[in-house]
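Chains as they are written, first to last, in the numbering used here: chain A, 1 to 503; chain B, 1 to 325.
Hints are computed from structural coordinates only; laboratory data are not their basis.
Heads up, a few of these hints could be off.
Unchecked claim - Listed next, with one range per pair, are the computed distances between beta-carbon atoms:
#, chain 1, residue 1, chain 2, residue 2, range
1, A, E61, B, V296, 53 to 59 Å
2, B, R217, A, I247, 43 to 49 Å
3, A, D486, B, F187, 52 to 58 Å
4, A, G262, B, R217, 52 to 58 Å
5, B, V304, A, D225, 40 to 46 Å
Here the structure is a predicted model, which is why all the values come from computation and not from measurement.
All residues carry an ideal CB built from backbone N, CA and C; glycine is no exception.
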Amino acid sequence: MSQSEHALKIMGVGKRFGVTNALSGISMNLARGEVLGLVGENGAGKSTLMKILSGAHARDEGDIEIDGVRVDIRQPADAQRAGIGIIYQELSLFPDLDAVENIFIGQEMSVGKYPNMTVPLRKKAMRDCAARILNDVLGVEIDLDCPVGSLALAQRQIIEIARALNSNANILIMDEPTEALEKAEREQLVRIINDLKQAGKSVIYVSHKLDEVLKICDRVVVLRDGACVADLPASSLDVNKVISLMIGGSLAKQFPTKSSPGADPVLKVEGISRRGAFENVSFELHEGEILGVAGLEGSGKSRLLRALFGDGASESGRIVLKGRSTSISSISDGMNNRIAFLPAERKTEGIFAEHSVGWNLTASSLSKFGGVRLDRRAERIQCTNYIRKMGIKSEGPQQSIGRLSGGNQQKVLLARWLLTEPDVLLLEEPTRGIDIRAKADVYQLIASSAQAGKGIIVVSSDSTELLGLCHRILVMFEGEVVGILDAASASEEAIASLSIQRT
Amino acid sequence: MSTQALDTKTPVSKFRLSGGASGIVIALIVIIVALGVASPRFLSVGNLTDITRQAVFVAIIAFGATLVIAMRGIDLSVGSTLAFTGLIAADLMNRGLNPYLSVGASLAVGTLIGIVNGVLVAKVKIADFIVTMAMMVITRGLIMVYTEGIPLTGLSNPSFQVFGQGFVGFVPMPVLVTILTFAAVYFLLYQTRFGRYTLSIGSNPEAARLVGIRIDRIKIAVYALTGYLAALSGVLLTSRLEAAMPEAGEGYELDVIAAVVMGGTSLAGGRASLLGTAAGAVLMAVVRNGLNILNVNTFWHQVVIGAIILLAVCADKFGGRSRDT
């Protein structure tokens, strides 16, 4: 329809927030049928750039061309009209509506020529159209009648893609699309992206998972400190090269050296079950050992971890802590037994956003600080210690935690639980959504806790992380343990094939 | 500067007001000056004493409600509880019970009402709005059943009168009680684990649960405290009027919420300003008093109060105090 070879052309785009330059002089192109990887550390400007393209922010300078035509994107409706669709990291669907209603939200088909909010809807036509997009274009089967809130995350994401396609988007921006997906679902997404590419759609793929970016994308653009530092074909890059471009130097080592675990089991789990969550789970965790737990979403890995903390406790079986048989039926039991739990969802389950770093750090060990009246002096001293010890970048205990980066928030939450002096640390997705340097720091902190003799269990959907960090990896499938692998000899493929129980 | 600084309340800034609360103090000063100019009678000692006397009944309850709202809760039953407990004290005394025991029983009943609210909210998990609204209607209904709408009078026992009418030095008893209550709740809110937990629940209930806070216990305790304070206010009011009025405290729930929100405590929970609440309670009394002095038709009073509440909530929303992400 147009003679320009570029689906999207960005020329010298910049954005300032107050005195800081979030983006400056960004120029790049996106060809039709191209998948472009956009990478950079947190704060490098990726999300600002995407927000400019999707109309959430207005740019301060520069021009944007779509199919050779200059467009002015000032709000989300402009982006939609220009054919840009964005699939957010935090899904923006309406959980109580079904797939059809979600796909057509805001662009319902109605009877008659003049669209009006009170005209009857053409439900059958919308349903057929949704089914066509999902089945034929995307090649997936999704129940069209159930509320999307009850669908799996991967299916919800596909519905978002369908919504973008339905609004005639030619450029799809995907923000960390695989962050919370399991391997099989990731593969499905990769297939869909390839199909979209064949159909002439262009994709901007934003992710922290560099190996994936290199596999999926044709070209990779690296942002650093708001500027574009590299624009290279994916085939000419490898993960280490991308990392050094991102951080502008080289990272010594991502995973710390593993120390060998002690002989004594700190936790022994014998045949614990909880109906509908996990069944007959047994394992031993030794002092100083880091045990990984792998499995698909819904395999029971998170339910198991939470049950050990006392949240949705196990209904039968035996738990032996340091040689003493014990029962853990509530969170208080878990904490009294010196078990600590770091939840996956930092924002909704972790931080108290209105409050300070110190407040957040001591939240689970306030009884250490004075009787009736809190001893705030002791609290502050302890917080300052931990901030230094954990390498938390902040202005001190009184700074609001909302102002810290995700990685530093995660360190505060880790400190919160180390302060309780636990014997067993349960970590759920400990590095989700934090940047590379912070990841390496968190791995280091986990390793040194293990060295101090704590038993650590890490649930993660990132098998590279499990292999690099853990001593052994327990794999779950449909609530049962289907294998315990030695990390030294295991591979991502071995974990994956156990997780989906296909040989 | 901050030797014990841990959170936003450092020792130096302990009495400094957060964004929302400094707004209320400015508003209060502006209104007082304006009313002083408009009517010379407004700043007379007698009138200022009247205002203080009016403010205390709302203020005492609002101190408790500050914790409720900071915990993301709401309590609509406080006005009825005030009347109900006032009636209990009056009735027991009329039946010849010792005034102190009568007051004690009244405070116990108020606490109990709070506990029932708290249990229904925290354990049975019914929406706080519904629970406390039902409780408001039930207790008011019981009052009407018992009194048939006729005030209970004749409370001339001097050892009861002292609560609402006595003086300690030159300070009226109700004002002294309010100051002591303020100090106690202030200590509870800012200096103890209980206060920290209350704010944590309001800030992020799920995170609070996962750090081992027994949310149900804290909630019940906060509602119990508010019920107790409503009863305390009820005793003071009954003693001051020497009568238990069936319609006492009607609409107090709104005045209380208005005082708390105007004082800078966020309806979204997680933050509380007790000093702001005190200023809010005074502001409500000042406005009502001002409207009287300026001879504004009583029917307009509600319109003005409602508008002030809306303004306060808008200020909360647009005052740059939106939740950090």
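Tell me the hint numbers this structure goes against, listed in increasing order. Of the numbered hints given earlier, those the structure breaks are 4 and 5, listed in rising order.
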